[in-house]
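Peer 1: Listed below, chain by chain, are the residues.
Protein chains: 2
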Amino acid sequence: MKLSPAQLEQFETEGWLFLPECFDAEEIALLRREAEVINRLDREEVWREKSGVARTAFAAHTYNEAYRRLAAHPRLVEPVMQLLDGPVYMHQNKINAKAAFDGEVWQWHQDYGTWQRDDDMPEPRAMNIALFLDEVTAVNGPLFIVPKSHKAGTLEAGHDLETTSYPLWTLDRETVKRLADAGGIVAPQGKAGSVLMFHSNIVHASPPNISPWPRTIVYLSLCHVDNHIRRFQRAEWIAHRDFTPIEPLGDDCLRDLARADAPAGAAATQAAE
Amino acid sequence: MKLSPAQLEQFETEGWLFLPECFDAEEIALLRREAEVINRLDREEVWREKSGVARTAFAAHTYNEAYRRLAAHPRLVEPVMQLLDGPVYMHQNKINAKAAFDGEVWQWHQDYGTWQRDDDMPEPRAMNIALFLDEVTAVNGPLFIVPKSHKAGTLEAGHDLETTSYPLWTLDRETVKRLADAGGIVAPQGKAGSVLMFHSNIVHASPPNISPWPRTIVYLSLCHVDNHIRRFQRAEWIAHRDFTPIEPLGDDCLRDLARADAPAGAAATQAAE
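Residue numbers (my numbering), protein chains in the order written: chain A, 1 to 273; chain B, 1001 to 1273.
Hints are supplied without guarantee of correctness; some may be wrong.
Each pair of labels, with its calculated beta carbon distance range [what the hints assert, rightly or not]:
1. A:Arg117 - B:Leu1161: 24 to 32 Å
2. A:Gly153 - B:Gly1250: 49 to 57 Å
3. A:Ser51 - B:Lys1050: 15 to 23 Å
4. A:Asp85 - B:Glu1174: 34 to 42 Å
5. A:Asp181 - B:His1159: 46 to 54 Å
6. A:Glu135 - B:Ser1004: 29 to 37 Å
Cross-link-like lysine to any residue pairs, in silico, SDA-like; alpha carbons within 20 Å at most [said to hold, decoys possible]:
7. B:Lys1177 - A:Glu135
8. B:Lys1191 - A:Lys191
9. A:Lys177 - A:Leu155
10. A:Lys50 - B:Glu1014
11. B:Lys1148 - B:Phe1011
12. A:Lys50 - B:Val1105
13. B:Lys1177 - A:Lys148
14. A:Lys177 - A:Lys191
15. A:Lys2 - A:Glu247
16. A:Lys177 - B:Asp1134
17. A:Lys191 - A:Leu155
18. A:Lys148 - B:Pro1208
19. B:Lys1151 - B:Lys1191
20. A:Lys148 - A:Ala205
21. B:Lys1177 - A:Asp102
22. A:Lys50 - B:Thr1163
Note that these hints are calculated values from the structure, not bench results. C-beta: ideal position from N, C-alpha, C; glycine also.
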């Protein structure tokens, strides 16, 4: 899978790209089923909201076969290699559950702000690619993105340890308003299987999910291998230290697993316990 | 202004109607300016979020000339007289500010649930008509409506005194999920000046506004005069006791005020202090 010149241009100008329905129903069913298994695990990688429901499962690719394959899926990894112009490694991998009724806010932030301050990643030569496991609509906590904000550099931020269970470097209100007045705010929506890519300096947030439906998104944060992190203060399963270039698997890697007789992903998860 | 047979049918079936851009820029500018004046008033009718910003200004039609005229505006009152089949009075009148960054959630509820339990309104022969003073988009806390839920009758509810500064009879999660799975959820969006009408038994909510832009909506809750409330336990400015039928004013009533030389609305507000 290759991005077109027009797509490369949009990413360069706007800082984000949306690709509707890149993964099919069979692949998504597998990933949803495995995400449910993972969210029930009592592991330190599975963070919970104040209510107890799963908020973020980190590093599932290290203990679940379906997510191991997703983390090297050519439809995710190859476009990022193209945009970052070279081999990439997995800096962070997470399943953000945003549970029905209980899914909490993510305040306005830039991901690179955290990667730089906490992990000493030299440059914003890293980015996110997100896969929707549920349909995302206006009602279940879509991601809000400020187009063009990736041109603003790495902005001043404060370390928010209170709003939610997850520490985050968040931006001040004047900055968010100034950038949003200039670039607007988009809330990309689409069916399960859709893919959203955004620059590591793009300003984004997401509101609570007050709907009765979940809104799960899987994020791969991929970084050029030359740009690997220098500081190892966060847990290895939050900010990875394996800088081996990812070799993309075949396009059928998830379908093959879904079609295997045994529920292989579930078995692999248990084996890893 | 009259609703068409198709619109009457949609309201009957779905429980809501959206009318884009019913009021023009001149009328909206007047109402926004006056809302800002009102939200700065130190009056018991102006309720605030925990942060101190205005959440709801009640009964502005009793102390502001622009809102007095809006409360008898034919583009709002006449369609409701048509739907409720007779003369109406003002049961409740509010400006819901939903401030930028700070505007809080309204949990899932039916308005008639409160009007019945708190005010002893005999039947759901009353409804809301809402006017957008700001553009409403996916990012600034749009109203979420469960179509067809007005057919479910008046549902069991618990009295939520904790989530926000405003007490509300809210629905349990199983009920919301059951109705939303059946009817879906819509989040009507449109420019300032648009009008949203919904049945007093429609299940609705709205998420916090985490965007840097305000989202102010004016609500008239109109009730058939025969169906007036019987219990007077809430403040008169929350649940009105003047059951006089509203006489719709002329279609130019707000434009005339906007064009008057003096800032008449502001003057009237001061005079009422």
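Peer 1: The structure should be examined with respect to each hint, and the outcome stated for every one.
Peer 2: Going through the hints against the structure:
1. In this structure, Arg117 of chain A and Leu1161 of chain B break the distance hint of 24 to 32 Å, their C-beta atoms being roughly 40 Å apart.
2. Range check, Gly153 of chain A to Gly1250 of chain B: about 55 Å between beta-carbon atoms, so the 49 to 57 Å window is met.
3. One distance hint, 15 to 23 Å for the beta-carbon pair Ser51 of chain A and Lys1050 of chain B, holds here, with the actual separation near 20 Å.
4. About 51 Å separates the C-beta atoms of Asp85 of chain A and Glu1174 of chain B, a value inconsistent with the hinted range of 34 to 42 Å.
5. The hinted window of 46 to 54 Å between Asp181 of chain A and His1159 of chain B is violated, with their beta carbons roughly 40 Å apart.
6. About 32 Å separates the C-beta atoms of Glu135 of chain A and Ser1004 of chain B, a value consistent with the hinted range of 29 to 37 Å.
7. With a C-alpha separation of about 16 Å, the suggested pairing of Lys1177 of chain B with Glu135 of chain A holds against the 20 Å cut-off.
8. Under the criterion of a C-alpha separation no larger than 20 Å, the hint pairing Lys1191 of chain B with Lys191 of chain A is inconsistent with the structure, at around 26 Å.
9. The suggested pairing of Lys177 of chain A with Leu155 of chain A holds, with an alpha-carbon distance near 13 Å, which does not exceed 20 Å.
10. Restraint check for Lys50 of chain A and Glu1014 of chain B: not satisfied, since their Cα atoms lie roughly 36 Å apart, outside the 20 Å limit.
11. Proximity of Lys1148 of chain B to Phe1011 of chain B is assessed by CA-CA distance (about 9 Å); at most 20 Å being required, the pair is judged to hold.
12. About 17 Å separates the Cα atoms of Lys50 of chain A and Val1105 of chain B, which keeps this hinted pair within 20 Å; it holds.
13. The straight-line distance between the Cα atoms of Lys1177 of chain B and Lys148 of chain A is roughly 37 Å, outside the 20 Å bound, and the hint therefore fails.
14. About 29 Å separates the Cα atoms of Lys177 of chain A and Lys191 of chain A, which puts this hinted pair outside 20 Å; it is violated.
15. Restraint check for Lys2 of chain A and Glu247 of chain A: satisfied, since their Cα atoms lie roughly 16 Å apart, inside the 20 Å limit.
16. Our distance criterion of 20 Å between C-alpha atoms is met by Lys177 of chain A and Asp1134 of chain B, whose separation comes to about 16 Å.
17. Annotation: proposed proximity of Lys191 of chain A to Leu155 of chain A is violated, straight-line Cα distance about 32 Å (limit 20 Å).
18. Simply put, Lys148 of chain A and Pro1208 of chain B have alpha-carbon atoms about 25 Å apart, too far for the 20 Å limit, and the pair is violated.
19. Under the criterion of a C-alpha separation no larger than 20 Å, the hint pairing Lys1151 of chain B with Lys1191 of chain B is inconsistent with the structure, at around 29 Å.
20. For the given pair, Lys148 of chain A sits about 15 Å from Ala205 of chain A by alpha-carbon distance, which is consistent with the 20 Å threshold.
21. At roughly 13 Å between alpha-carbon atoms, Lys1177 of chain B and Asp102 of chain A fall within 20 Å of each other, so this suggested pair holds.
22. Note on Lys50 of chain A and Thr1163 of chain B: the hinted pairing holds, with a Cα-Cα distance of about 15 Å set against a maximum of 20 Å.
The earlier numbered hints that this structure contradicts are 1, 4, 5, 8, 10, 13, 14, 17, 18 and 19.
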